[in-house]
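Number of protein chains: 2
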Amino acid sequence: MSEKRRKFWGWGYEDDPVSAEELAWYEKTWSKHLGIAKFDVTPPPRMEEITLRAPRIAIPTSLRDICTSEKWDRLFHSYGRSGAEIARAMLREFSNPPDIVAYPRNETDIINVLDWCNSIDAAAIPFGGGSGVVGGVEPPKYERYRGAVTISLRNFNRVLEIDKTSQSARIQAGVLGPSLEEQLKPSGLTLRFFLQAWEFSSLGGWIATRAGGHYATLYTQIDDHVESLRVVTPSGVLESRRLPASGAGPSPDRMFIGSEGTLGIITEAWVRLHRRPTFRAATTVRFKDFYQAADAVRAISQAGLYPANCRLVEAAEAEFTEAGDGKHDLLVLSFESGDHPLEPWMKRALELCADYGGEYDKDALNQKDSQRSGAAGAWRNKFLRGPYFREHQIARGVMRDTVETAITWDRFKNLHANVKEAGLRAIKEVTGRNGSFTCRFTHVYPDGPAPYFTWHAFGDKAKLPEQFFAIKALASDAMVDNGGTITHHHAVGRIHRRWYDRQRPELFAKALSAAKQALDPKFILNPGVLVDPKGE
Amino acid sequence: MSEKRRKFWGWGYEDDPVSAEELAWYEKTWSKHLGIAKFDVTPPPRMEEITLRAPRIAIPTSLRDICTSEKWDRLFHSYGRSGAEIARAMLREFSNPPDIVAYPRNETDIINVLDWCNSIDAAAIPFGGGSGVVGGVEPPKYERYRGAVTISLRNFNRVLEIDKTSQSARIQAGVLGPSLEEQLKPSGLTLRFFLQAWEFSSLGGWIATRAGGHYATLYTQIDDHVESLRVVTPSGVLESRRLPASGAGPSPDRMFIGSEGTLGIITEAWVRLHRRPTFRAATTVRFKDFYQAADAVRAISQAGLYPANCRLVEAAEAEFTEAGDGKHDLLVLSFESGDHPLEPWMKRALELCADYGGEYDKDALNQKDSQRSGAAGAWRNKFLRGPYFREHQIARGVMRDTVETAITWDRFKNLHANVKEAGLRAIKEVTGRNGSFTCRFTHVYPDGPAPYFTWHAFGDKAKLPEQFFAIKALASDAMVDNGGTITHHHAVGRIHRRWYDRQRPELFAKALSAAKQALDPKFILNPGVLVDPKGE
Numbered sequence: 001m002s003e004k005r006r007k008f009w010g011w012g013y014e015d016d017p018v019s020a021e022e023l024a025w026y027e028k029t030w031s032k033h034l035g036i037a038k039f040d041v042t043p044p045p046r047m048e049e050i051t052l053r054a055p056r057i058a059i060p061t062s063l064r065d066i067c068t069s070e071k072w073d074r075l076f077h078s079y080g081r082s083g084a085e086i087a088r089a090m091l092r093e094f095s096n097p098p099d100i101v102a103y104p105r106n107e108t109d110i111i112n113v114l115d116w117c118n119s120i121d122a123a124a125i126p127f128g129g130g131s132g133v134v135g136g137v138e139p140p141k142y143e144r145y146r147g148a149v150t151i152s153l154r155n156f157n158r159v160l161e162i163d164k165t166s167q168s169a170r171i172q173a174g175v176l177g178p179s180l181e182e183q184l185k186p187s188g189l190t191l192r193f194f195l196q197a198w199e200f201s202s203l204g205g206w207i208a209t210r211a212g213g214h215y216a217t218l219y220t221q222i223d224d225h226v227e228s229l230r231v232v233t234p235s236g237v238l239e240s241r242r243l244p245a246s247g248a249g250p251s252p253d254r255m256f257i258g259s260e261g262t263l264g265i266i267t268e269a270w271v272r273l274h275r276r277p278t279f280r281a282a283t284t285v286r287f288k289d290f291y292q293a294a295d296a297v298r299a300i301s302q303a304g305l306y307p308a309n310c311r312l313v314e315a316a317e318a319e320f321t322e323a324g325d326g327k328h329d330l331l332v333l334s335f336e337s338g339d340h341p342l343e344p345w346m347k348r349a350l351e352l353c354a355d356y357g358g359e360y361d362k363d364a365l366n367q368k369d370s371q372r373s374g375a376a377g378a379w380r381n382k383f384l385r386g387p388y389f390r391e392h393q394i395a396r397g398v399m400r401d402t403v404e405t406a407i408t409w410d411r412f413k414n415l416h417a418n419v420k421e422a423g424l425r426a427i428k429e430v431t432g433r434n435g436s437f438t439c440r441f442t443h444v445y446p447d448g449p450a451p452y453f454t455w456h457a458f459g460d461k462a463k464l465p466e467q468f469f470a471i472k473a474l475a476s477d478a479m480v481d482n483g484g485t486i487t488h489h490h491a492v493g494r495i496h497r498r499w500y501d502r503q504r505p506e507l508f509a510k511a512l513s514a515a516k517q518a519l520d521p522k523f524i525l526n527p528g529v530l531v532d533p534k535g536e
Numbered sequence: 001m002s003e004k005r006r007k008f009w010g011w012g013y014e015d016d017p018v019s020a021e022e023l024a025w026y027e028k029t030w031s032k033h034l035g036i037a038k039f040d041v042t043p044p045p046r047m048e049e050i051t052l053r054a055p056r057i058a059i060p061t062s063l064r065d066i067c068t069s070e071k072w073d074r075l076f077h078s079y080g081r082s083g084a085e086i087a088r089a090m091l092r093e094f095s096n097p098p099d100i101v102a103y104p105r106n107e108t109d110i111i112n113v114l115d116w117c118n119s120i121d122a123a124a125i126p127f128g129g130g131s132g133v134v135g136g137v138e139p140p141k142y143e144r145y146r147g148a149v150t151i152s153l154r155n156f157n158r159v160l161e162i163d164k165t166s167q168s169a170r171i172q173a174g175v176l177g178p179s180l181e182e183q184l185k186p187s188g189l190t191l192r193f194f195l196q197a198w199e200f201s202s203l204g205g206w207i208a209t210r211a212g213g214h215y216a217t218l219y220t221q222i223d224d225h226v227e228s229l230r231v232v233t234p235s236g237v238l239e240s241r242r243l244p245a246s247g248a249g250p251s252p253d254r255m256f257i258g259s260e261g262t263l264g265i266i267t268e269a270w271v272r273l274h275r276r277p278t279f280r281a282a283t284t285v286r287f288k289d290f291y292q293a294a295d296a297v298r299a300i301s302q303a304g305l306y307p308a309n310c311r312l313v314e315a316a317e318a319e320f321t322e323a324g325d326g327k328h329d330l331l332v333l334s335f336e337s338g339d340h341p342l343e344p345w346m347k348r349a350l351e352l353c354a355d356y357g358g359e360y361d362k363d364a365l366n367q368k369d370s371q372r373s374g375a376a377g378a379w380r381n382k383f384l385r386g387p388y389f390r391e392h393q394i395a396r397g398v399m400r401d402t403v404e405t406a407i408t409w410d411r412f413k414n415l416h417a418n419v420k421e422a423g424l425r426a427i428k429e430v431t432g433r434n435g436s437f438t439c440r441f442t443h444v445y446p447d448g449p450a451p452y453f454t455w456h457a458f459g460d461k462a463k464l465p466e467q468f469f470a471i472k473a474l475a476s477d478a479m480v481d482n483g484g485t486i487t488h489h490h491a492v493g494r495i496h497r498r499w500y501d502r503q504r505p506e507l508f509a510k511a512l513s514a515a516k517q518a519l520d521p522k523f524i525l526n527p528g529v530l531v532d533p534k535g536e
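Here the protein sequences come in this chain order: D and V. Using my numbering, the letters of the first sequence correspond one by one to residues 1 to 536. Using my numbering, the letters of the second sequence correspond one by one to residues 1 to 536.
None of these hints come from the bench; they were simulated from the model. Hints should not be assumed to be uniformly reliable.
For chains that are exact copies, the list does not tell them apart, and a pair is met inside one copy or across any two.
[Stated by the list, open to error] Below, in silico cross-link-like pairs of lysine-lysine (DSSO-like), each with a Cα-Cα straight-line distance of 30 Å or less:
| no. | residue 1 | residue 2 |
| --- | --- | --- |
| 1 | Lys368 | Lys347 |
| 2 | Lys362 | Lys382 |
| 3 | Lys347 | Lys362 |
| 4 | Lys164 | Lys420 |
| 5 | Lys327 | Lys362 |
All values derive from a computational prediction rather than experimental measurement.
Between the sequences and the hints, there should be enough to build the whole structure, so can you do that?
Here's what the structure looks like:
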């Protein structure tokens, strides 16, 4: 249905933008990194190789204009885009596709689709950009559902209203990052929610999954950007009042932020925007010891300086992205403002770095656009291009995945050491070979960092999905055992359920289930995510 | 049961600290302000003047150590401390006291009290410091309850653990402001949650009511200070995981923050602290036009400067507290830091003020402790002493009360003009005389301010409670009609219910009721606040 079609198995459009040169660089790096002389390359799947289960339910006449059972649509909506999901796609494993994909044009269409799902006992799965990495958009496997209908929000793609005075906008939930910014551009305002999946993730997806964005401090997660929400539930439409703050009872918005499509379908939101930065101060700081560097980051996070970027990258991870020399941990540090020059802010942050042995790049500091060049630029480019390489890794048996968390500072070092140790051990146990397991901070708070662990391993292509999960499971155990959350900004979905169930209070699950029951009495919305239908 | 007994009818201890001199000043001011030549003074109530309804339920033997039906305890826990409630107390109106007051010593005691309330169909009313102004601690009037048990948290008064590394502490919910800070002091850390009711309000109360504190920006409400919670519900005990941030499902803490004792009794919390400020920059800025001043505050709030204080006070209100000349609106502006000097921050804020015609006090800027002296100091002193005068006002028929809200900047001027107009009209309609109705900002956000309206009127002492409510009602209508919230930080209680019901989405109320049902199946906790028992 779209002009430029997305890959049904991987990241981006069918017309792969990865160049032979880029690929050669990566192949060389993986080869060196994992000690593999030569890779055997599996070609990407073609539609005609896959036979899909016939749809278990039929599109009613009244919904024919907005629903389809076309093969591409069912394939594309079968998975999110985690390594494990792409590995299943590369194995041509599409045994549980949605039966029907709906593309509602407005809220009435959504209401009609939900009514129909309710009437025939079909699961309804909200779908934003499709970039998720936690199995949040897979059809459920419970037998009670006669079918699965994926509801794509792609037609909800407009910025509806911009309030320049309050620096806010009313925006439809299905809009993807680039279009959102394009539409905001004439106003001089921006959401600046530049997560790695920005190109193929939606505002509604960010809200439903509590995504983390561009800013390393203050405006870290989408939560604080939400002024109000509109949500369509199987019991009707709900709209919260647009307010800068309120003390009237528990926040209605906070019940839906992070609800992952289980309580309703977010159709639009008023969100807080930022002025485009016109002032910047950016540099990189090198440290000889990761824990000393972490102490510097802690000092900055507790100083009330609020840098836009404060991403500490472990030496080995910095080397992998050609940003570092492999001997120094690297702090990518920047301040941004649409209002004032930032020298005093940066000066104080660098003093704090120096207290912990940090040495900064003086040239970068005096250079315009230094966040896009030098070490910071190298890291940034690899970061933004990363998702395009997932299928190429998997085609070669190279596994790359992440676990990410947040933890208070007092427990950070223990968690860091134990998760790395567990991760490396897991890689060895599961694949029989050594791999890598490195850490960076994506976001930092006065009371603790959000450590993000990236690992690489060489797996058995026939068993990659299981191997992905086995390694994630052992690392996740260590993360949650050491006091961390199972996720700081990747959400729970189906993949993180086991650990979510351990960390969330049992009585909260009971209360949340009851709230869901009130809004979704037949439990059709994204079953299996966050809470289970009764009896499952 | 306490050594120094609190007044059962008003603010503070029985030993009133209000001096004759202070009182004379106020009397003169009220006299001038309201055009009353001489006040007739009603003496405060004495216990022996009041006959209480006999307790409708009896204390079971097993709870005899922690429960009482003593007269003072029942009187003291009958009301919060709003003008309307104190007016009822001054009228010797105590027709609906709690039957029993429980002083649990630990969570087991709370569980036992709740079990007992459940077993006999008694309402259970959590009670923190008792400073509330929205009728949040009154026994319900529904016939289904055989009695009302107030559960005081006053024995939960300790700071249990301080984590200096993460700048957080685990604190019992019943601790009042002064004791909390006293216990934190040796650590060099502080919660700095200096609301007006600080002396007689508790951490658990702040969390349950989403109170607003000292900081005018960033750390405005208690919400962002909460790292995790422990809550005793009629269905068991719940504890959330201590984390700087999480993306794992809707936040459990956010369901309890603002729940006003309806979902459970908060017993302790990990909260985020601040370093004691060692650097300050403070001054006052005078404006000739309130809306121009508001524009300056908007510019500051959107500049990423984050002042600790940014309280804009209307000319008439500034004059009343002897901080202003009655011709100029006053912005009390200060920056604080435990890390660095603040000249660049203040300099930029003052430039923004100048853009809108603001003239600042140069002497104050260069003076140590200027936030405690001059115009800012005058305002601060009147603010902190304010609650002590409520009963003295009411004794003279002088009504003083507030309505407070938050609104996005684009709608602020309309709301401000309409609420003032409605408030002044209401005073005239209800009392037959003119009064005053002034505004200040207590907190400001990039997308809007929290306007706080204070009004004075001269009422009919025999009808003060009704007159208080009638004026509040008309002003509240205007506030909510013009897009504001019924409360930014005073909570909902029983007094704001009518407007809360208008502003909160109907389906959210349904979901919240269902969540309550799961935690409190017999609906014993604070019935009538936020949601109603079925059939009421």
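Tested hints:
In this homomeric assembly, Lys368 and Lys347 come within 30 Å of each other (Cα to Cα) both inside a single copy, at 17 Å, and across copies, at 25 Å. Within a single copy, Lys362 and Lys382 get their C-alpha atoms as close as 23 Å, which meets the 30 Å cut-off; across copies the closest is 51 Å, which misses it. In this homomeric assembly, Lys347 and Lys362 come within 30 Å of each other (Cα to Cα) both inside a single copy, at 12 Å, and across copies, at 27 Å. Proximity of Lys164 and Lys420 under a CA criterion of 30 Å is satisfied inter-copy only: 26 Å between copies versus 46 Å inside one chain copy.
Only within a single protomer do Lys327 and Lys362 lie at most 30 Å apart by alpha-carbon distance; the minimum there is 19 Å, versus 51 Å between protomers.
Checked against the numbered hints above, the structure violates none of them.
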